[in-house]
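Using the numbering used here, read the sequence shown as starting at 34 and increasing by one per residue.
It is possible that some hints are incorrect.
Claimed, not checked - Subject to a maximum C-alpha distance of 30 Å in a straight line, what follows is the list of computed DSS-like cross-link-like pairs (lysine-lysine):
{"no.": "1", "residue 1": "Lys89", "residue 2": "Lys157"}
{"no.": "2", "residue 1": "Lys114", "residue 2": "Lys157"}
{"no.": "3", "residue 1": "Lys125", "residue 2": "Lys157"}
{"no.": "4", "residue 1": "Lys71", "residue 2": "Lys114"}
What the hints assert, rightly or not - Taking CB as the label site, the calculated pair distances span:
{"no.": "5", "residue 1": "Ala140", "residue 2": "Glu93", "range": "15 to 21 Å"}
{"no.": "6", "residue 1": "Asp73", "residue 2": "Met164", "range": "18 to 24 Å"}
{"no.": "7", "residue 1": "Ser82", "residue 2": "Asn139", "range": "29 to 35 Å"}
{"no.": "8", "residue 1": "Pro122", "residue 2": "Asp79", "range": "24 to 30 Å"}
{"no.": "9", "residue 1": "Lys134", "residue 2": "Glu163", "range": "15 to 21 Å"}
Just so you know, these hints were derived from the structure itself, not from any lab.
Backbone N, C-alpha and C define an ideal beta-carbon position, used for all residues, glycine too.
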Amino acid sequence: MKLVILRALTVLSLLSTGATTAWADDRFLGKWTDSAPKNDPMGPLDITSDKISVGKVTYEVTQAGPFGEGVLYTVNGLNRKTDPNGCGPTKKLSHIIVRPKPTISNATYSAIVVTFYAAPDAPKPDTLNEMAVCGEHPFGRKE
34 MKLVILRALT VLSLLSTGAT TAWADDRFLG KWTDSAPKND PMGPLDITSD KISVGKVTYE
94 VTQAGPFGEG VLYTVNGLNR KTDPNGCGPT KKLSHIIVRP KPTISNATYS AIVVTFYAAP
154 DAPKPDTLNE MAVCGEHPFG RKE
């Protein structure tokens with residue numbers, strides 16, 4: 034909680050001084066545990082400012098902006114010849130969406146859902162093309 038407040042104050046102070054920086058959201062950065070290992074294991078998730086690793090697969094990404102309460106990432110590259118999470122005509126992801134999952138107010142963990150998306154145009158929360166959703170997977174971590 035203290036970290037969230039500190040980040041918010043930093044952003045507010047930068048904005049009040051007229052600083053102009055690229056949009057960035059680091060709430061989801063770091064390591065996450067697979068929340069469905071028995072049902073459909075993917076392995077751990079690690080999100081950095083320029084990479085998202087899921088199990089043994091690493092995507093080179095850039096933050097494209099907010100996506101509802103989450104973050105939209107554009108996929109720029111992959112560390113494999115084939116994309117195990119891709120679908121559609123290209124069989125490759127174009128975007129990854131990271132969104133918070135609701136938790137109880139006094140929870141000692143955070144939960145997210147990661148949506149794997151494959152379409153030429155960037156998705157929008159109100160017009161998400163369900164046919165381009167390759168899959169969704171839950172992850173969590175202790176606060």
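Hint-by-hint comparison with the structure:
1. Lys89 with Lys157: Distance of about 28 Å is within 30 Å: holds.
2. Lys114 with Lys157: holds (28 Å)
3. Lys125 with Lys157: With a Cα-Cα distance of about 19 Å, the restraint between Lys125 and Lys157 holds, given a limit of 30 Å.
4. Lys71 with Lys114: Holds. Lys71 to Lys114 sits at ~27 Å (cutoff 30 Å).
5. Ala140 with Glu93: 15 to 21 Å: violated (32 Å)
6. Asp73 with Met164: 18 to 24 Å: holds (20 Å)
7. Ser82 with Asn139: 29 to 35 Å: Because 30 Å falls inside the window, the suggested range holds.
8. Pro122 with Asp79: 24 to 30 Å: About 29 Å separates the Cβ atoms of Pro122 and Asp79, which means 24 to 30 Å holds.
9. Lys134 with Glu163: 15 to 21 Å: At 19 Å between Cβs, range holds.
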